[in-house]
Structure formats: structure tokens, C-alpha cells
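Enquirer: Letter by letter, the chains look like this.
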Amino acid sequence: MSPRTGPDIDIDVLVREHLPLSDAVFHILVALVGGALHGYGVLLEVEERTEGRVVLGTGTLYSAVKRLRRDGLIEETEPPCGEDDDPRRRYYRLTELGRAVTDAEARRLEAMVSFAREKRVLPAS
Amino acid sequence: MKKFVLGLYRGLLLLLPPGLRREHGPEMTETVRRRLDRDGAGAATRELLDLAATIPREWVAAVGDRAGVDHHAKGGGGAMGGVAKDLRYGLRTLVRSPAFTMVAVLTLAVGIGVTTAIYTVVDSVLFRSLPFPEPDELVWVWGGPLDPVNRSARSWTSYPDYRDYVERERSFEELAAFRSPRVILSARGEAPTREPAARVTANLFSTVRVEAALGRTFTRQEDRIGGPPAVVLSHAVFSERFGEDPGLVGRSVTIDGTPHTVVGIMPPGFDFPEGARLWLPARPDVAGDDRGMHRLILVGRLRDEVDPEAAARDVYAIAESLAEAHPEDNADQGAWAEPLLEAYVGDVRATLLILLGSTGVVLFIACLNVANLFLARTATRGGEMGIRSAMGASRGRILRQLLLEGLMVAVAGGALGVGLAQVGLDAILALAPAGVLPRADEVSLDGRVLVVTAALTLGSVLLFALAPALRAAGRSVGELVKEGGRTGESGGGRLRSLLVIGETALAMALVVSGTLLLRSFGEVTEVEPGFEPGGRLILPVSLPVSRYPEAEWERVAEFVAELRRRTEAVPGVRSAGLTYAHPLDPSWTTGFHVVGRPEPDPAARPEASYRPVTPGYFETAGIRVLRGRDFTASDDGSSPPVVMVNEAFEERFFPEEGAVGRRIRKESWWEGTPRGEWEIVGVVEDVRFAGLERPTPPAFYFPHAQRPMNDMVLMAHVEGDPGPVVPGLRQAVREMDAGLPVQGVRAMKDILSETLARRRFVTVLLGAFGLTALILAGVGLYGVLSYSVSRRSREMGVRLSLGATRGGVVRTVVGQGVALVAVGVVLGLGLALASGRLLESLLFGVGSTDPLTLGGVAAVLLTVAVVASARPALRAARVDPAEALRLE
Chain A
1 MSPRTGPDID
11 IDVLVREHLP
21 LSDAVFHILV
31 ALVGGALHGY
41 GVLLEVEERT
51 EGRVVLGTGT
61 LYSAVKRLRR
71 DGLIEETEPP
81 CGEDDDPRRR
91 YYRLTELGRA
101 VTDAEARRLE
111 AMVSFAREKR
121 VLPAS
Chain B
1 MKKFVLGLYR
11 GLLLLLPPGL
21 RREHGPEMTE
31 TVRRRLDRDG
41 AGAATRELLD
51 LAATIPREWV
61 AAVGDRAGVD
71 HHAKGGGGAM
81 GGVAKDLRYG
91 LRTLVRSPAF
101 TMVAVLTLAV
111 GIGVTTAIYT
121 VVDSVLFRSL
131 PFPEPDELVW
141 VWGGPLDPVN
151 RSARSWTSYP
161 DYRDYVERER
171 SFEELAAFRS
181 PRVILSARGE
191 APTREPAARV
201 TANLFSTVRV
211 EAALGRTFTR
221 QEDRIGGPPA
231 VVLSHAVFSE
241 RFGEDPGLVG
251 RSVTIDGTPH
261 TVVGIMPPGF
271 DFPEGARLWL
281 PARPDVAGDD
291 RGMHRLILVG
301 RLRDEVDPEA
311 AARDVYAIAE
321 SLAEAHPEDN
331 ADQGAWAEPL
341 LEAYVGDVRA
351 TLLILLGSTG
361 VVLFIACLNV
371 ANLFLARTAT
381 RGGEMGIRSA
391 MGASRGRILR
401 QLLLEGLMVA
411 VAGGALGVGL
421 AQVGLDAILA
431 LAPAGVLPRA
441 DEVSLDGRVL
451 VVTAALTLGS
461 VLLFALAPAL
471 RAAGRSVGEL
481 VKEGGRTGES
491 GGGRLRSLLV
501 IGETALAMAL
511 VVSGTLLLRS
521 FGEVTEVEPG
531 FEPGGRLILP
541 VSLPVSRYPE
551 AEWERVAEFV
561 AELRRRTEAV
571 PGVRSAGLTY
581 AHPLDPSWTT
591 GFHVVGRPEP
601 DPAARPEASY
611 RPVTPGYFET
621 AGIRVLRGRD
631 FTASDDGSSP
641 PVVMVNEAFE
651 ERFFPEEGAV
661 GRRIRKESWW
671 EGTPRGEWEI
681 VGVVEDVRFA
691 GLERPTPPAF
701 YFPHAQRPMN
711 DMVLMAHVEG
721 DPGPVVPGLR
731 QAVREMDAGL
741 PVQGVRAMKD
751 ILSETLARRR
761 FVTVLLGAFG
771 LTALILAGVG
781 LYGVLSYSVS
791 RRSREMGVRL
801 SLGATRGGVV
811 RTVVGQGVAL
821 VAVGVVLGLG
831 LALASGRLLE
841 SLLFGVGSTD
851 PLTLGGVAAV
861 LLTVAVVASA
871 RPALRAARVD
881 PAEALRLE
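Quick note, the sequences are listed as chains A and B, same order.
Everything in the first sequence is counted per this note's numbering, starting at 1 for the first residue and increasing by one.
Everything in the second sequence is counted per this note's numbering, starting at 1 for the first residue and increasing by one.
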């Protein structure tokens with residue numbers, strides 16, 4: 001749980017503090033939207049989803065994981081049922097705050113793309 | 001391969017800040033493993049470089065956290081963001097050319113690793129102090145010839161002389177003396193063991209300023225004739241044989257059959273002098289009071305205002321006056337002082353410095369190679385630089401980016417190098433036989449060495465990244481774009497060729513040095529030792545003075561003779577004999593007088609190596625009797641005194657008339673043994689007891705029955721497998737006296753091999769350096785030629801289309817390579833001659849300008865040139881002229 005959540009703190013402010021996200025972090029958070037994954041799983045998911053354009057390094061991944069955990073955007077969790085491989089594998093999932101931040105960043109990016117479309121930098125969708 | 005990469009990864013993980021490492025380290029290793037399984041070698045480079053980039057970023061973040069800096073990784077803001085961007089960009093570029101990156105990183109790692117390992121050894125041995133307070137104030141005081149030309153000869157002093165020194169000296173705060181016998185330590189209920197001991201004057205401990213950890217050291221009373229028998233034990237003996245029982249102090253143990261009270265235990269690691277495991281008072285006995293018996297070594301602590309040269313003059317003057325006052329014993333005995341540290345490392349210093357110099361050369365070659373690699377890269381990226389500049393990147397920005405790339409390679413190379421250094425250090429320490437490197441057990445990579453490595457790494461960065469970076473950044477955009485697309489040799493190519501020539505010259509010098517040492521080693525192993533080492537076993541036998549006192553010398557003589565007979569009866573033993581000093585033991589020297597000659601001339605002081613033996617010893621050891629006869633059983637206590645000498649003795653003292661039949665005079669300290677004049681009855685061949693590489697000094701051999709020493713060495717010539725004979729030897733001794741220790745059986749072959757150990761060690765190391773230099777030079781040449789060929793593809797195409805044969809093209813490229821190396825070889829000749837002169841002290845049997853070696857190495861280098869040129873040459877020949885012309 002994020003350290004500073006309390007009834008009188010506006011969640012919106014909390015979320016905005018984390019924006020903008022770096023590319024790597026965004027990819028990691030989006031990868032976790034579908035459910036808990038372990039580290040290697042995140043790497044594979046990102047690589048597949050971007051069709052090989054984005055290949056995250058392990059160092060990059062885990063330094064991001066460490067930071068995201070500290071900031072309360074993800075947390076370690078039990079391996080999902082049905083996964084019967086190595087019990088030592090550590091799984092991570094988004095927290096409430098993490099979901100909110102991912103959502104906010106996606107919207108921010110969408111808004112930027114909209115502006116670009118308006119000025120005809122990108123073709124209209 | 002995968003295991004290696006994983007090991008590397010794990011090693012690099014150690015460089016992460018502890019937080020991340022502890023939290024996710026194992027996960028990272030596991031994830032990388034799976035990546036490698038899936039994606040293979042491409043993933044390896046990517047992951048290693050990713051980690052290399054993560055390390056500084058995390059440290060920066062960690063430091064930033066401490067300072068309360070906002071740590072959200074924002075995309076483009078501020079200087080931090082800029083650096084991160086540049087790092088990422090640089091990382092991508094490096095990953096995209098894995099061959100370049102790996103070769104550069106590995107080359108640097110090898111250079112830095114080797115240098116760090118050797119530097120650690122040299123630093124530990126040469127620069128770290130001895131474990132005494134203010135060790136630079138400690139000096140040895142040696143005897144030596146009065147004639148100062150032979151100054152570095154070290155001989156020993158006698159007890160009466162020591163007392164005179166103490167009385168008359170003016171340079172020392174404390175002056176102590178010791179000698180190092182072996183004694184028999186018996187603990188209740190256990191087998192007795194022979195331990196290296198030191199008989200010391202009571203003030204030895206205060207001279208080196210080390211106190212007992214438990215109890216105390218000796219008092220004056222204990223250091224007198226008739227004083228209470230006391231012993232101080234080392235921590236090693238204390239823990240190995242007495243289980244660190246604190247109640248031991250005050251109890252009694254048996255030394256050489258006599259009970260001694262344990263008065264103190266020394267701290268762990270203290271074994272001064274010469275590996276002593278227990279200390280006894282030096283107190284003079286009857287023999288020790290003989291002024292002619294030089295068997296003490298002196299050590300002193302200088303007064304504050306006195307330096308070693310002044311102390312040396314002081315003791316020399318005292319020695320001179322003693323020589324005048326006691327001509328029979330001290331003729332031509334001078335004295336000098338040698339700082340302790342000097343003596344501890346002196347022999348090895350030259351060797352270590354040579355090794356250090358060689359590693360510097362290897363590092364330099366490695367840096368030249370990496371410089372070459374970066375030069376080539378920057379030239380091909382000229383176009384990219386031009387475009388970036390056109391897009392608004394400032395010159396400074398470009399510089400910074402290039403520098404960061406270089407820094408990443410340097411950091412990766414440095415980190416890998418440290419890992420290699422640790423591996424290399426372990427290998428060196430394992431390879432170095434005991435005693436070759438003084439204080440080898442104290443050697444470990446320490447902070448200072450890492451600082452030096454960091455400096456080396458940064459220095460390398462400046463050397464190879466900055467120069468090409470400046471070159472690129474200083475040009476106009478147009479130039480750079482043109483250069484990027486241009487084919488043909490550019491100015492950079494010339495510089496690269498120069499670098500290769502430089503590398504070749506250095507490699508030549510290094511390989512020549514290695515080869516000279518290799519040949520020296522070969523020569524040394526060919527030296528005839530003067531005896532037969534094969535199948536010869538030795539076992540030291542010491543008769544404790546308490547049970548075999550000197551007054552009962554006839555018993556000792558009889559014991560030794562009987563032991564010899566029994567040993568010859570052991571199955572498998574062909575013959576046996578006993579000697580005071582085995583064939584590779586220099587023993588000590590003692591004076592004598594040639595009968596019929598005038599008073600000895602001080603400059604030609606008659607001293608010889610003292611080596612009592614039993615009959616049958618020479619036959620057992622395989623030492624030939626050249627003239628006269630060997631000893632027999634009838635040369636005993638009641639017959640005329642006889643002696644045998646070696647060839648060196650005969651040549652020195654009786655060069656014209658021969659030694660057999662001549663007489664020498666030597667006093668004997670056993671009551672009732674033959675004394676006075678000894679007739680020389682035989683001459684034996686020289687045995688290299690002073691070392692294989694030195695000429696044998698004069699030696700004389702006395703019959704044990706006429707000079708019955710208590711400490712002897714039993715030698716057996718064994719037929720067939722020595723294994724089953726060993727218990728038989730021990731049994732023979734135990735049957736005669738069960739209280740004698742019987743450990744320490746050794747084969748002469750092993751002892752001989754050990755004398756070669758140091759030389760072998762240096763030779764192997766220098767050989768390895770030479771090989772490394774050769775490989776690096778080859779790689780460098782390959783790189784230059786590859787690059788040159790790729791640049792000249794258009795030229796090759798034109799040539800081929802104009803009718804040149806493919807063979808002709810191959811010859812051109814190979815010729816280019818050979819030409820470069822040939823110039824390097826010629827330059828290298830000069831370097832090799834210079835380095836050879838530095839090496840002279842280590843050479844044996846081969847001169848530093850040996851033409852066979854020089855020519856041979858030159859041939860090898862030229863062969864390497866041909867081999868390295870092969871692939872680029874074949875590639876050049878395969879160029880399709882139409883393609884090449886079209887691409888242009």
C-alpha cells in the first residue's frame with residue numbers, strides 16, 4: 001500500500017505525481033494489466049506485444065520493479081493457481097494506485113496523440 | 001559459454017548497490033538464464049550491456065535518494081535525463097555491433113586483469129611492511145669478508161663475537177642473536193615431532209617489539225648457562241598440538257628429551273625468524289663459546305638517528321679489530337648491516353619489477369588495440385556524427401555521447417578485469433610454490449589495488465575514446481558526412497597502421513623476453529647436479545643432546561654406523577649412508593688451515609662447506625670419487641684423522657699439486673676424537689649444493705665416526721617403488737630408539753625440483769604474457785586489415801575488373817599485413833635488445849642478444865601476420881567487381 005494514502009489525500013494528486021512515466025515503466029505496467037506475472041513473463045509479454053521492437057533488459061526491468069514496489073504501484077503476490085513451476089518464482093501485480101497511474105498515463109498519451117492529429121502531424125484515425 | 005556468461009553476470013551483479021542486489025539479484029540471474037536459453041548469444045551481449053548501464057544509473061539513484069532528490073525517472077528533463085539518454089543511445093549502438101564491443105571489452109579486461117593481478121602481488125610483497133612496528137629500523141648484521149668487494153656475501157657470527165659487538169656497538173637500540181636448529185618436541189601421549197626452532201637471546205623479542213600473547217618471553221636468567229630451561233611456543237604449535245589450552249603456560253613439555261617450562265605463547269602469525277615454531281634461549285653451551293664457530297645470525301634495531309650505512313661502518317670497524325685480536329678464528333671476518341625488508345624481498349625484487357614491467361606492456365598493447373577499434377568505429381560513424389550535428393546536437397553533446405560510450409566499454413572492461421584479476425591472482429598464488437613469493441599467504445586484492453585499476457580504466461578511456469572523439473567532433477559536418485560514405489584509406493587508417501606497428505614492436509620485445517627465459521630454464525634443467533636424484537630418499541635423524549651428550553660421542557658414532565647397517569637390510573634398499581647435509585643443502589662454512597703454508601692471507605680466507613658423512617654415502621648418493629679413496633669403517637675414532645674434499649676445494653687450494661696426501665689443520669670439539677692434522681685421502685666430484693646456477697664452493701667431508709654430529713640425514717638408494725620402503729626406513733630408526741621422530745621422509749628428486757620452482761614460476765608467467773601479447777597483436781592486425789579491406793572494396797573491384805587476378809589481390813593484402821609487421825619487428829628488435837639487458841640477471845646459459853631467439857621470434861610474428869591477413873585477404877579476393885563499382 002502506498003505510504004501516504006489516507007482519507008483526506010486526493011488520489012488524483014497522488015497519481016499525477018508519478019507522471020510522466022518512462023517508456024520502460026509504462027510497458028511494464030501495461031504488461032501487468034492482464035494479471036500477475038513474474039519478471040521473465042513481463043519481458044516476454046512486452047517483447048511479444050511490441051513485436052520485438054521493445055526488448056527490455058533484465059537490469060532495466062528489475063531496477064524499475066524495485067522502484068515501482070517502493071512507490072506502491074506494484075506489489076509481490078502469490079503465484080496464480082495453476083502455475084506449478086518453480087515455487088521460488090516471484091510474481092508481481094498492479095496495486096490500485098498502479099492501475100490508476102497506468103490509466104492516467106495512457107489517457108495522457110492519448111491526449112497528446114489527439115493534439116498531433118488535430119495539427120495533421122499524424123493522419124486522422 | 002552460457003555458464004561463463006552467467007558467471008560473469010553474477011560477478012557484475014556485485015557491483016550493484018546492495019539494495020537492488022539483495023532484493024532482486026537471484027531473480028535477475030534466473031531471468032537472464034532463461035533469456036539465454038531462449039535467445040542465445042545475442043541476448044548475452046544485450047543483457048551484459050544492460051547491466052553495465054544499470055549499475056551507474058542505480059548508484060546515481062541511490063545517491064540521489066540519500067540526498068532527497070526527486071527520483072521519478074522523467075524522460076527529457078535536466079542534465080540527469082540527458083546523461084541517461086546518452087547512456088541509452090550509446091548502449092544501443094554498442095549492442096548493435098557486438099563483435100566490436102566484445103572484442104574491446106575483452107581486450108581491456110585482459111590487459112587490466114593481468115596488470116591488477118600482478119600489481120597486487122608486487123604491492124603486497126614489496127610495499128607492505130613486515131608485521132613489526134617500525135620495521136625499517138631493523139637490520140640484519142652479517143659476517144662477511146673484510147675485503148669490501150665481496151660485500152654481499154652473508155656469513156654468520158659466533159657467540160663471543162656477538163658479546164663483543166654488544167659491548168662495543170654504538171648504533172643499536174637493541175642487538176639480538178639467534179640460530180635455527182631443529183629440535184624434538186614431545187607432548188604427552190603423542191608421537192614426537194621435529195620442529196623448526198630458534199635459539200634466541202632474551203632480547204630478540206624486544207628488538208622486534210613483539211610481545212607474547214599469553215605469558216611472557218625470556219628473562220635474562222633463563223638466557224644463561226645453567227639457567228632454568230624455558231620455552232616459548234608459537235601460536236601454530238599451541239593450537240595444533242595443545243588445542244589452545246590456556247593452562248599450558250607454566251606447564252612443562254619435553255624438548256630434545258629435557259623438560260622445559262612453557263613460559264609464553266606468541267601471537268598468531270609470528271614466526272620470526274625463518275618460520276620458527278618455538279623459541280629457546282640461545283644460552284651458549286661449550287661448543288657455542290668457540291669463537292671460531294660461526295653459526296649465529298644477528299638482528300638489531302637501529303637508534304633513531306642512525307641509518308643502516310652508519311651501522312654497517314660501525315660493525316665493520318668492530319669486526320676489523322676482532323680480526324686483529326683473534327687471527328686464528330676471525331681472520332678476514334668483516335661485518336655489514338642489511339635492512340630486514342631488503343633481505344626479505346631483495347632477491348625477488350628484480351623479478352617482480354620485471355613482471356610488473358611486462359604487464360605494463362601487455363596493458364599498453366591492449367589499450368592500443370582498443371584505440372584502434374574505436375578509431376575505426378568513429379571513422380565509419382562520421383556520417384552519423386555529421387547528421388546529428390546538422391540536427392542541432394552541439395559539439396559538446398556529441399563529444400559527451402562518444403565519451404560515455406567509451407566510458408561504458410571502459411567500465412565493463414574494468415569490471416570484467418577485476419574479476420579476471422581475482423581469478424588470475426588465485427592462479428598465480430596456486431602456481432607459485434611455497435616460499436617463492438615471500439609472504440604469499442598475506443596477498444589479497446585490496447582497496448588500493450582497486451583504486452589503481454580505476455585509474456587505469458579511466459586512463460584507458462581518455463587514451464582511446466577521447467582522441468577519436470575529438471577528431472570527429474573537430475570536423476565540419478560536410479567533412480564528416482563525406483568521410484562516412486567515402487571509400488579508400490583515410491588519415492585514420494595511417495594512424496591505425498602506426499598503432500599496429502607499435503603493438504608488434506612491443507609484442508616482439510615481450511615474446512623475446514619470454515623465449516629467453518624459457519631457454520634459460522631449459523639450460524638450468526640440463527645442469528648436472530653432481531649426484532643422482534632418482535630413487536634417493538632422505539630421512540632426518542636427530543639425536544637429542546640430553547640423551548646423547550657430546551661426552552658420549554662414541555655412542556653417537558656407533559648409533560649412526562648401526563643405523564646404516566640396518567637400513568641396508570631393509571628390503572628394497574640398495575645402499576644407505578648418512579650425511580650431515582644432503583646434496584642440495586649448502587650447510588655452513590667453517591675455517592681451517594692448510595698445513596705447510598704460511599699464515600693465511602686475509603683475502604683468500606680458507607673456509608669450506610662442512611659436511612660430515614659415513615662410509616657408503618657417496619655411493620648411495622651417486623657422487624663419484626674421482627681420486628684417492630672413500631672412507632671405510634676403519635676410519636674411526638681411534639685411527640688417524642682423514643678428510644675428503646671436492647673438486648672446487650682442490651682447484652682452489654691445491655691447483656697444481658693435487659689434494660690427495662696433503663694435510664689441513666682443523667680443531668675438533670669432541671674430547672677424545674682425533675684432532676690436529678687431517679690428511680686428505682680422496683677427491684669427489686662437485687655437487688651443486690649451493691644451487692644449480694652457481695659454481696660449487698669448496699667443501700670438505702669428514703668421517704662421521706671422527707666428527708660425530710648428532711643431527712644427520714639418512715639417505716637410502718631405493719630400487720623400484722619407494723612407497724613400501726618408507727615404513728621400513730622409519731622402522732629401522734624406531735627400532736634403535738623409539739623416542740626419535742621419524743617424519744620428514746623426502747625424495748631428493750622433489751627437493752631438486754623445488755630449487756627450480758622460482759625460475760619455473762617466472763618463466764611460466766612471462767611466457768603467458770608473451771603469448772597474450774602475441775594474440776593481442778594478431779587481433780589488432782586482423783582488425784586493421786579487415787577495416788582496410790572493407791574501405792578499399794571499390795579499389796579492389798576496380799583492380800579485379802581491370803584484370804588483376806584474385807591471387808594477386810590476396811597477395812596485396814597479405815603483403816600489406818606482412819609489411820606492417822616487418823616494420824614492427826625491426827623496431828621491436830631494438831626494444832628486445834634493451835629489454836634483454838634488463839633481464840640479464842635472470843638469464844642462464846643464453847645471452848640477451850641470442851640471434852637464434854631473435855630470429856625465431858621474428859619468424860613467428862611474420863607467420864602471425866600471414867595468418868591474421870588470411871581472412872581479410874580472402875574476403876578482398878571474393879569482392880564482386882560489379883557490386884563494388886555499383887555501390888560506389
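Incorrect hints may appear among the rest.
[Stated by the list, open to error] Ranges of calculated distance between the beta carbons of each label pair, as one might list FRET restraints:
id	chain 1	residue 1	chain 2	residue 2	range
1	B	E754	A	L44	45 to 51 Å
2	A	E118	B	G19	56 to 62 Å
3	A	R88	B	G42	55 to 61 Å
4	A	R88	B	A62	25 to 31 Å
5	B	G42	A	R108	52 to 58 Å
6	A	K119	B	P26	24 to 30 Å
7	A	E76	B	A62	34 to 40 Å
8	B	W59	A	R120	26 to 32 Å
[Stated by the list, open to error] With a cut-off of at most 20 Å between alpha-carbon atoms, the simulated SDA-like pairs for lysine to any residue come out as follows:
id	chain 1	residue 1	chain 2	residue 2
9	B	K749	B	A455
10	A	K66	B	K3
11	A	K66	B	K749
12	A	K66	B	E528
13	B	K85	A	R93
14	A	K66	B	V570
15	A	K66	A	P79
16	B	K3	A	Y40
Note that these hints are calculated values from the structure, not bench results.
Think of the CB as a built atom: it goes at the ideal place given N, C-alpha and C, for glycine as much as any other residue.
Enquirer: Return holds or violated for the Cβ distance of W59 of chain B and R120 of chain A against the range 26 to 32 Å.
Expert: Given range 26 to 32 Å: violated, Cβ gap about 45 Å.
Enquirer: For the pair we were handed, K66 of chain A and K749 of chain B, check the Cα-Cα distance against 20 Å.
Expert: violated, 62 Å
Enquirer: Is K85 of chain B within 20 Å of R93 of chain A, Cα to Cα?
Expert: violated, 28 Å
Enquirer: Take the C-alpha atoms of K3 of chain B and Y40 of chain A, compute the straight-line distance between them, and say whether it is at most 20 Å.
Expert: Answer holds: K3 of chain B to Y40 of chain A is near 19 Å, not above 20 Å.
Enquirer: So does K119 of chain A sit 24 to 30 Å from P26 of chain B, Cβ to Cβ?
Expert: This hint is violated: roughly 49 Å between Cβ atoms.
Enquirer: Go ahead and decide if the range 45 to 51 Å is satisfied by the Cβ distance of E754 of chain B to L44 of chain A.
Expert: violated, 59 Å
Enquirer: Per the hint of 52 to 58 Å, is the separation of the Cβ atoms of G42 of chain B and R108 of chain A within bounds?
Expert: violated, 34 Å
Enquirer: Per the hint of 34 to 40 Å, is the separation of the Cβ atoms of E76 of chain A and A62 of chain B within bounds?
Expert: violated, 21 Å
Enquirer: Is it true that R88 of chain A and G42 of chain B lie within 55 to 61 Å of each other by Cβ?
Expert: Check failed, 27 Å falls outside 55 to 61 Å.
Enquirer: Do the alpha carbons of K66 of chain A and E528 of chain B lie within 20 Å of each other, as the hint requires?
Expert: Cα-Cα ~69 Å, so violated.
Enquirer: Okay, R88 of chain A versus A62 of chain B on CB: inside 25 to 31 Å?
Expert: holds, 26 Å
Enquirer: Between E118 of chain A and G19 of chain B, does the beta-carbon spacing fit 56 to 62 Å?
Expert: violated, 45 Å
Of the numbered hints given earlier, the model fails hints 1, 2, 3, 5, 6, 7, 8, 9, 10, 11, 12, 13 and 14; all others are met.
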